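Q: Those protein sequences? They're chains A and U, same order as listed.
Basically this note's numbering = 1-based index in the first sequence + 281.
Basically this note's numbering = 1-based index in the second sequence + 44.
Check before you lean on any hint, since a few could be wrong.
[Unchecked claim] Quick list of in silico lysine-lysine cross-link-like pairs, DSS-like style, CA-CA up to 25 Å: (1) U:K430 / U:K527; (2) U:K215 / U:K173; (3) U:K475 / U:K343; (4) U:K379 / U:K342; (5) U:K91 / U:K52; (6) U:K91 / A:K354; (7) U:K307 / U:K249; (8) U:K277 / U:K295; (9) A:K336 / U:K342; (10) U:K475 / U:K132; (11) U:K163 / U:K307; (12) U:K91 / U:K219; (13) U:K173 / A:K286; (14) U:K52 / A:K336; (15) U:K298 / U:K343; (16) A:K286 / U:K66; (17) U:K343 / U:K215; (18) A:K354 / U:K379.
[Unchecked claim] What the simulated footprint calls covered on chain A by chain U, stretch by stretch (three residues with Cβ under 8 Å from a Cβ of chain U suffice, anywhere in the stretch; the number is not a length): (19) 312-323; (20) 344-357.
Think of the hints as simulated: they come from the structure by calculation, not from any bench.
Computed from a prediction, not measured in an experiment: that's the story for all the values here.
Just so it is clear, CB atoms sit at the ideal spot from N, CA and C, and this is done for glycine as well.
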Amino acid sequence: MMRVKTDYITGLQWVLHYYYQGVTSWSWFFPYHYAPMMSDLVDLESLNLEYSMGKPFRPFEQLLAVLPPASMKHLPSAFHVFSPHFLSASCLFFFFVSSPFFLKNRT
Amino acid sequence: MRDGSPVKDFYPIDFKIDMNGKKNEWESVVVVPFIDEQRLLVAAQTKEHLLSAEEANRNGFGPDIIYTYDPKLSFTFPSPSPIFPEIKNCPCRATKFTLPPVPSTGYCNGILPGARLGKKILPGFPTLKTLTFQSSLRVHGANLFGHDSRNPSIVFKMAPNAETPEQLARKVVGKTCFIDWPFLREAQVIALTDALFAYTLDPQKQVISTPLTQEQLHSYPRIMKDQQSSLEKKGIFTGVIPSILHVTPLKGLKVNSAGGLSKEYSNEVVVTIPALTVFEVEQEDPRFVAQQPLSLEKKYPVGHSVIFLAKKGYGSVGTIGKHPADAAAKKLNVKLADYHDEDPAFLAQLSEREVSEQYTAIFSVSKNLGISHAVLNRLTASFYVKDPSHERVNVGLNFKFSKQNQKVLGYSRRRAPEKEQTEGVWELSRKAIDLIQAYQRAFPDFFQALEDLPFEEKTPGFLEVASSAAEFQRIVDWRASHKLDK
Chain A
282 MMRVKTDYIT GLQWVLHYYY QGVTSWSWFF PYHYAPMMSD LVDLESLNLE YSMGKPFRPF
342 EQLLAVLPPA SMKHLPSAFH VFSPHFLSAS CLFFFFVSSP FFLKNRT
Chain U
45 MRDGSPVKDF YPIDFKIDMN GKKNEWESVV VVPFIDEQRL LVAAQTKEHL LSAEEANRNG
105 FGPDIIYTYD PKLSFTFPSP SPIFPEIKNC PCRATKFTLP PVPSTGYCNG ILPGARLGKK
165 ILPGFPTLKT LTFQSSLRVH GANLFGHDSR NPSIVFKMAP NAETPEQLAR KVVGKTCFID
225 WPFLREAQVI ALTDALFAYT LDPQKQVIST PLTQEQLHSY PRIMKDQQSS LEKKGIFTGV
285 IPSILHVTPL KGLKVNSAGG LSKEYSNEVV VTIPALTVFE VEQEDPRFVA QQPLSLEKKY
345 PVGHSVIFLA KKGYGSVGTI GKHPADAAAK KLNVKLADYH DEDPAFLAQL SEREVSEQYT
405 AIFSVSKNLG ISHAVLNRLT ASFYVKDPSH ERVNVGLNFK FSKQNQKVLG YSRRRAPEKE
465 QTEGVWELSR KAIDLIQAYQ RAFPDFFQAL EDLPFEEKTP GFLEVASSAA EFQRIVDWRA
525 SHKLDK
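Isolated chain A, as found in the complex (with noise of 0.2 Å):
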């Protein structure tokens, strides 16, 4: 629970620091699929929130890690290879920075 917590918060603070100063991550993300409780977020001074600043993706490992098999056709084919069920399913991948609180629940 003291991750989730740490995390969340964590994410909170990576993008105020986002629209108030810039990118602080290019790595970080939110790693649950479910929030925590309102209930649980207390205790929040004693948090240490760390961000290690990371490379961005360029423009095909980003798409690599958003898009769902049903869309590899938008990549060079060089990379079709790597999803065995090309044109098969359609599902999301999350990956990019701030896509827990913003693209989770798209299908």
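Using the hints provided, position chain U relative to the given structure of chain A.
A: Frame of chain A; chain U shown alone:
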């Protein structure tokens, strides 16, 4: 080969969709695996050598490009995809855009030095600093939204005025002041009254005092008391109010008979008190500064083309000739190309009307009539639509000719460009506005269709602006009946 994908677990076809108590599928939690950045990068790297040169080039970070309109350019831009047609006669110039470097001092977080604050704030913005007061926090029962507040409020104690009512009157009566503090609205002081005298201007602009009438003696002390107590309800303490001001607020600027701009004050007298009135500001509001009339030479440069709209010589094209020596006569010499009349008397009459008539800037007209600026700009110029036989038909009102910089006397004019403007603002007369309104009332659907028209579409087909050929013909006929072509 495909089953050998090192990252195939990133792309499952079966995964859980957890409705998580939600009604719609798009609100659900899609339980797909998280992607391991390192593994993805390594996998991508193994295939990178298979990318074409063009693809490899795209797979990186490039500079920002700024696209600008260049009338000198005209080339065919090839289509990148079968979905889109190629772009013919493309006048677009692409230039690399580099963000200006951050100054060595870095970004300033907060107010920059030299920012205009307090008394020096730009006119039109409110500030409390234009008057002197002391503030404190206390339980006062200040009236908030009709109820007395139970919590402490900030209350103001205004600095008392050291001058006697008479001294103040000699200074301010007949002058401008600013009421509605802290928003500051300009007004003219008509009179100041204390408990015994009224101070007004005599015809020689001298401040004179006259004893109050019986009725005034009775009512003015009550006005003062009422003002004091209503201000106290709002948490503003003025102390005993020794005098009141009678002012007329500024309504705006008006074109005067000489063609200049002068201040127009309301006829309605507003009562206010000196303690809440500002008599001097750091900077006059540039939106309300009176202006001298433009000289005929500036307004009608010699050689300028004009079109006549007076009865005699209606629609004739003319050129402004040498200005008469007697500028006060407000007459113009105009050479007419296709009209011959011995009697030039109507010319003088025409110029008189031109200078005295009131014009409205085109963007205000657009706001008042609820027509977008883009549409109004097109309609007041020439605006061509392809008719059923593919002929170009003008359905515009021909008030202005921006390229030729021509105006239509009595309907439109162009203000001289101000600082930092390359072009002057077009203005329309009442007559022009009435005509636009009549046009709009006659063909509301046409006006709506124009709003929906893509801006870049230069000559739309008639079906894009009218429901049928017959309807389009009605528009053309209406326009023809108003004799808008020269």
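Q: Hints first: check each against the structure and report whether it holds.
A: These are the hints, each one checked on the structure:
no.	hint	in the structure
1	U:K430 / U:K527	holds, 20 Å
2	U:K215 / U:K173	holds, 22 Å
3	U:K475 / U:K343	holds, 20 Å
4	U:K379 / U:K342	holds, 18 Å
5	U:K91 / U:K52	holds, 15 Å
6	U:K91 / A:K354	holds, 16 Å
7	U:K307 / U:K249	holds, 18 Å
8	U:K277 / U:K295	violated, 29 Å
9	A:K336 / U:K342	violated, 61 Å
10	U:K475 / U:K132	violated, 41 Å
11	U:K163 / U:K307	holds, 24 Å
12	U:K91 / U:K219	violated, 82 Å
13	U:K173 / A:K286	violated, 47 Å
14	U:K52 / A:K336	holds, 23 Å
15	U:K298 / U:K343	holds, 18 Å
16	A:K286 / U:K66	holds, 23 Å
17	U:K343 / U:K215	violated, 39 Å
18	A:K354 / U:K379	violated, 70 Å
19	312-323	holds (count 3)
20	344-357	holds (count 5)
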